[in-house]
Amino acid sequence: MLGYSIRRLLAAIPTLLLLIAASFVLIQVAPGGPFTSERPLPPQVLANIEARYGLDQPMWKQFWDYLYNIVFHFDFGPSFKFKDRDVNDIIAQGFPISLTYGFLSFLAATSVGVTLGVAAAIRHNTWIDYFAVSLGIAAQALPNFIMGPILILVFTLYLGWLPGGGWNGGAWPYLIMPVIALSTSYMGSIARITRSSMLEVLNSNYIRTARAKGIPERQIIWKHAMKPTLLPVVSYLGPVFVYVLTGSVFVDIYFSTGGLGQAYVGSALSRDYSVLLGVTILYGGLTVLVNLITDLAYAWFDPKIRY
Amino acid sequence: MFGSSKKTIELAEAVNEQAVVGRSLWRDAYDRFTSNKAAMVCVATLGCIVLFTLAGPFFAVWDNETIDWTAMGDVRGLGAPSVESGHFFGVDDLGRDLYSRVIQATTTSLLVGLIGAAMALIVGTLYGIVAGYLGGRIDGLMMRFVDILLAIPSTLVIILLLVVAGRSFIMLFVALGAVSWLSMARIVRGQTLTLKNRDFIEAARAAGVGEFTIMIRHILPNLLGVVIVYASLLVPEMILAESFISFLGLGISEPYTSLGALIAEGAGTMAYGTLWQLLFPLFFYVTIIITMFFIGDGLRDALDPKDR
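Keeping their order, the protein sequence lines are chains V and R. Using our numbering, the first residue of the first sequence is number 1, and each one after it goes up by one. Using our numbering, the first residue of the second sequence is number 1001, and each one after it goes up by one.
Calculated from the structure, these hints are not laboratory results. Hints are supplied without guarantee of correctness; some may be wrong.
Listed below are the simulated SDA-like cross-link pairs for lysine to any residue, each with C-alpha atoms no more than 20 Å apart in a straight line [what the hints assert, rightly or not]:
#1 R:1037 - V:137
#2 V:227 - V:258
#3 R:1037 - V:130
#4 R:1037 - V:138
#5 V:61 - V:29
#6 R:1037 - V:134
#7 R:1037 - V:61
#8 V:81 - V:71
#9 V:81 - V:106
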């Protein structure tokens, strides 16, 4: 197990390096620098500014400095558009917000999805089953950017129960709609996966043996069927994380939470390359990390895996 | 050639007719698919939508760019959907005819789905076959590359590409294609690995068939089922991704539009009581996605040998 963990950890490093290098090069070859504007700056001023941000160095030097600062100082450099803030400030301001409701959505979707899926499988072909299945299908057609407007329409415009956006320090009325909008889609997927996995497990031979021995149904489900049922769910958690991540970009924009997604899209539109690069690397790095954790969890969960 | 007299030709035709008509794999799959009611209903619905995008423009009174100045002054009243004014779906916030805009957007979204999936189909299949068939170190390298790319959230890659290369139709397709082929390559490679050790490949090799011909003639046709199923599931995924990005305002830019962009506009103005601006694009969007999913599911049931 330890050897396997170390091997997986080492395999993640080239992925991260390639991610940083690819994004860096892409941004470098983009037409127009951050200081290109309709009114061209005098060459001397431009040279001064570029020297200030280190843009006059050769590309390998720039990349090396960038990498060095990320690895040893966790510093993503200055923002090109905001004179008084660097990328770290922007991340530090927005990321906790995105993380808060992202984590809540993750929790809500996983717990509700698994419960629904298990209930559907146990009560196969009853209304609970049909409900879970239709929710799973509907969820695929109702991704976050469709759920958001619908929720606002119902709960803010018609019923007037919930505020239509903002953060307010994370007070719970401001959290409900972002969490629902973000979690519905993959809650449905998790319910579907859990249901089909549970049905397969309940039809397997060892469960039949357990039933034949007269073990009470409750114990069969909790003690024997639960762990193998959750295996596909665990392997789905990596994609779920990616959903939450990209979905949070929408939630930040639509509900004006002030999260990192707003800064991300803002930087994409205003070509604030350093912010765009920093957030892309942060998100990509987190994805690599979560995939790593998922793999390790899977290895721990599934006794059949040999490392 | 030997004997091409009338008699031999007749004889050949007679033999051909007598040959037992075998039930091919494809015939089987076709029968299974057509007997799947949900999938057939969805094919019909999708057909209606495609027909609507083709025939719809002939009934349009307004085109998608002309601004109706009278309606623009009173979008909520005069701009509401009505047959008399010629705005069947109402007008958008700028006074443009929503009927024409929805047709334009639906066409875009369908194209995005089809072209995105087609690019994945071609690139992913070729890459996967080559990697799987050659095997060894080349396979290891090629798949390592795919794994690394797969570890990066695809939406971020699309956004990055669109920002760097500028937002245009072609770039959108390139960006979608750049991320969609990865998992296709993985699936195809896995299938190729199991196929290439089968006896009929051995037989082909023993008979002196070239490597390239084996890939094209013998492996590719056996992959088609899996590839088609996965491509059909990719279509709604591509539409979703494009709509998401257009919703954020990072996708297709004016005068082009897509369902995601229209939904974003409608969602922005729904507080003013012009709900139709949200509901019409939303209806088309949800219908396309749901029908696509059911068609994909039907194809999987029909073509995937595992579930038989």
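Exercise for the section: Starting from residue 61 of chain V, check that the Cα of residue 29 of chain V is at most 20 Å away, please. Expected result: Holds, at roughly 16 Å.
Handout entry: Proposed proximity, residue 71 of chain V with residue 81 of chain V (alpha carbon, max 20 Å)
Key = violated (24 Å)
Exercise for the section: Mind checking the alpha carbons of residue 1037 of chain R and residue 134 of chain V for me, to see if they're no more than 20 Å apart? Expected result: Holds, at roughly 17 Å.
Problem - Pairwise hint evaluation, residue 61 of chain V against residue 1037 of chain R, where the allowed Cα distance is 20 Å at most - result: violated (62 Å)
Handout entry: Holds or violated: residue 227 of chain V to residue 258 of chain V, with C-alpha atoms at most 20 Å apart
Key = violated (39 Å)
Problem - 20 Å limit on alpha-carbon distance, applied to hinted pair residue 1037 of chain R and residue 137 of chain V - result: holds (16 Å)
Practice task
Given the hint that residue 81 of chain V pairs with residue 106 of chain V, test it: the Cα-Cα distance must not exceed 20 Å.
Solution key: violated (33 Å)
Problem - Distance restraint between residue 1037 of chain R and residue 130 of chain V, which requires alpha-carbon spacing of 20 Å or less - result: holds (18 Å)
Handout entry: Given pair status - residue 138 of chain V, residue 1037 of chain R, alpha carbons within 20 Å
Key = holds (19 Å)
Hint check: violations occur at hints 2, 7, 8 and 9; the rest are consistent with the structure.
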